[in-house]
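Please build the complex by placing chain B on the supplied structure of chain A, with the hints as guidance.
These are the residues of each chain, in order.
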Amino acid sequence: MSDPQIIGGVRIVPTFAEAFGMKATRVIITAADQVWARHAAVAMSGFGTSVIDCKLEIDIERELAPEETPDGRPGYALLAFAMSGGELEKQITRRAGQCVLTCPSTALFGGIKGEHAKRISLGKTLRFFGDGFQISKLIDGRRYWRIPVMDGEFLCEHDVPRVDGIGGGNFLLVARDFQAASLAARAAVDVIKSMPDVIAPFPGGVVRSGSKVGSKYKSLIASTNDAYCPTLRGVTRSELSKDAGSVLEIVLDGLNFEAISDAMRVGILAACDAAGERGLLSVTAGNYGGKLGPHHFHLAEILA
Amino acid sequence: MTAWQFELKNGIVESIDASKLRLAALVGQSRQQIEQMPLPINGQVASIGEAFTVSLADTDEASILFRGDLKNVHGLAAQHSSGRFLVEGNVGDYFAAGCSGGVIELNGNAGDFVGGAVAGKRLGASGGIIHCHRDIGSHGGHRMRRGLLIVDGDAGPSLGASMIAGTIGIAGNAGPNLGCEMKRGTILLRHPWSDEFARSPRYSEALAFNAGFLRLFRAEPMKQWLRSLLDSEHLSRVRADVSAGGMGEILFAAGV
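Sequences listed follow chains A and B, in order. Residue numbers for the first sequence follow the numbering used here, so the first one is 945 and each next one is one higher. Residue numbers for the second sequence follow the numbering used here, so the first one is 860 and each next one is one higher.
If we strip away everything but chain A, and leave its shape as in the complex, we get:
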């Protein structure tokens, strides 16, 4: 048996994160200034942490400079993931209608480059808000809708590409106490948030309520991951050592395998660097024995 992998004094558990296929898209929100664009982006990505009950996992991917956006205004790119193409379209359209259409000066575009046959509606659905006064424009091969609103026009692309993505990449930061776990998690998210093609959709990029599949209550499809709850040591089969007092998890959704594995690598290294000598004890990952998803991220390989 090989020696356990140690990074900055932190033990890397020889296990893997198990992820599953999702349907994904990228949308770009622009506005008259960064403030309005951010309001819309934050609203659209709210309540988008987990498909378990939000039906959509969505977050800001990154801020965009004016020269990076279709209409030359400041904006944000958001990545969104759902379990099916139909659910992705349903959720994106609803959020676009309630969070972007409503926000002053905004416009909404697709952000996946290249030609893709599978598409989800945006303006195709939202145009009806215009009550017949909407205007269609076909520009450079792409159709846009101009929907009259009280501050001018809401400009929205007709439809946007839908691609395959991966959801549920993850790693768990096992620490002596909450302060150490928080320090490690924030360090990890700080480096991950600058990376392309990947998001960490939970609050601040971090989740404390890691879950297992199923529950003693039949109505629930997921429940607390008791093996990693420090307070349940002694009453359940715990995966935690005696000195572990707090565990935080980073969950990652990405457009491809490399985006997630790269994010896991830099996130884990940053966490170990920031908190390795300040109470971070080990890094592990969540899986279901390989039965849930086809995408396996082995920590040892990622960090080799």
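Since the hints were made in silico from the structure, they are not lab data. Every residue, glycine too, gets a C-beta built ideally from N, C-alpha and C. Any given hint could turn out to be false.
[Claimed, not checked] Here are the simulated SDA-like cross-link-like pairs (lysine to any residue), alpha carbons at most 20 Å apart as the crow flies: (1) Lys1068(A) / Arg1005(B); (2) Lys1082(B) / Arg1086(A); (3) Lys1057(A) / Pro1010(A); (4) Lys1057(A) / Ile1004(A); (5) Lys1082(B) / Pro1010(A); (6) Lys930(B) / Gly902(B); (7) Lys1082(B) / Glu1011(A); (8) Lys1082(B) / Gly1085(A); (9) Lys1082(B) / Asp1011(B); (10) Lys1082(B) / Gly1016(A); (11) Lys1082(B) / Asp1015(A); (12) Lys1042(B) / Ile1091(A); (13) Lys1082(B) / Arg1087(A); (14) Lys1068(A) / Met1106(B); (15) Lys1068(A) / Gly1071(B); (16) Lys1034(A) / Phe1072(A); (17) Lys1082(B) / Asp1084(A); (18) Lys1042(B) / Leu1082(A); (19) Lys1082(B) / Glu1012(A).
[Claimed, not checked] Which chain B residues stay away from chain A? Per the calculated CB distances, all over 10 Å, these: (20) Ser874; (21) Ser878; (22) Thr918; (23) Glu964; (24) Ala1065; (25) Ala1103.
For chain B alone, coordinates are given in the frame of chain A:
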């Protein structure tokens, strides 16, 4: 790919209907075969070779080039759907009528009904880019359904008349009855809104307008053409033709 070149022979002054002379019909044909293709001249069936000197060359992009004083050649680039169609010289009526794709460029003046409907058809241009570097006659963009018509010079009367959709940009002066009976679509003027237009009941009152969609034109030639308009601090808009529902629009720089 093939580049076809047609040069009008000296002394040809008869009226020529070139509306059937399309890129798709030329593909795979030898120079001799093309010269023997039928071409109506003065209402009589003649051949292309009687009016034009034809040459072919290999190239990266399928293209057609016409050269000469083509003011009596009507229907050039009609129903053009892909590739590049370039004309060096003045052309007759129905230039690019009913086109649906590709890029059509004219270095010369055009007659009436540029981008309009070809004979027997209800709709005008339904796609593609028509770029006229000089003046065009009346009824440019007549019944236009989609696509882009850019005019660097002046336009005669009834530009955008009965337009259904699409975009027309005019750098010079536009004649009377601009956008009459237009149902939808956009006409962009580099010139200010004239008093003559302002008095017409066809147009709504001119109001300041933030034309954010114009910034989406990222491809040439429109990107360059729009630069002066977008550099204007303020744009104004009228809705036209009010008698046809007023869902069309005419945009122009305010206070120029």
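Hints and how they fare:
The suggested pairing of Lys1068(A) with Arg1005(B) holds, with an alpha-carbon distance near 18 Å, which does not exceed 20 Å. For a cut-off of 20 Å, the pair hint linking Lys1082(B) to Arg1086(A) stands: about 15 Å separates their Cα positions. Proximity of Lys1057(A) to Pro1010(A) is assessed by CA-CA distance (about 17 Å); at most 20 Å being required, the pair is judged to hold. Between Lys1057(A) and Ile1004(A) the CA atoms are separated by roughly 17 Å; this keeps the pair inside 20 Å, and the hint holds.
For a cut-off of 20 Å, the pair hint linking Lys1082(B) to Pro1010(A) stands: about 16 Å separates their Cα positions. For a cut-off of 20 Å, the pair hint linking Lys930(B) to Gly902(B) stands: about 16 Å separates their Cα positions. Between Lys1082(B) and Glu1011(A) the CA atoms are separated by roughly 14 Å; this keeps the pair inside 20 Å, and the hint holds. With a CA separation close to 15 Å, the supplied pair Lys1082(B) and Gly1085(A) stays within the 20 Å bound.
With a C-alpha separation of about 14 Å, the suggested pairing of Lys1082(B) with Asp1011(B) holds against the 20 Å cut-off. For the hint linking Lys1082(B) to Gly1016(A), the alpha-carbon distance of about 13 Å falls within 20 Å, and the restraint holds. Distance hint between Lys1082(B) and Asp1015(A) is fulfilled; the C-alpha atoms sit about 12 Å from each other, no more than 20 Å. Under the criterion of a C-alpha separation no larger than 20 Å, the hint pairing Lys1042(B) with Ile1091(A) is consistent with the structure, at around 17 Å.
For the hint pairing Lys1082(B) with Arg1087(A), the CA-to-CA distance comes to about 17 Å; that is within 20 Å, so the pair holds. Among the hinted pairs, Lys1068(A) with Met1106(B) is consistent with the structure: their alpha-carbon atoms are about 19 Å apart, no more than 20 Å. About 19 Å separates the Cα atoms of Lys1068(A) and Gly1071(B), which keeps this hinted pair within 20 Å; it holds. Taken as a hint, the Lys1034(A) and Phe1072(A) pair is honoured in the structure, with Cα atoms around 16 Å apart against an allowance of 20 Å.
Pair hint Lys1082(B) plus Asp1084(A) holds up; C-alpha atoms about 11 Å apart against a cutoff of 20 Å. Under the criterion of a C-alpha separation no larger than 20 Å, the hint pairing Lys1042(B) with Leu1082(A) is consistent with the structure, at around 17 Å. With a CA separation close to 16 Å, the supplied pair Lys1082(B) and Glu1012(A) stays within the 20 Å bound. Chain A leaves Ser874(B) outside its interface by the beta-carbon criterion, the shortest separation being 35 Å against a cut-off of 10 Å.
Remark: the non-interface label on Ser878(B) is consistent with the geometry, its nearest Cβ contact in chain A lying 25 Å away (cut-off 10 Å). The beta carbon of Thr918(B) sits about 23 Å from the closest Cβ of chain A, which is more than 10 Å, so the claim that it is off the interface holds. At roughly 17 Å, the least C-beta separation between Glu964(B) and chain A is larger than 10 Å, which holds for a residue marked as non-interface. Residue placement check: Ala1065(B) keeps its beta carbon more than 10 Å from all beta carbons of chain A (closest about 16 Å).
Residue placement check: Ala1103(B) keeps its beta carbon more than 10 Å from all beta carbons of chain A (closest about 15 Å).
Hint check: no violations occur; every hint is consistent with the structure.
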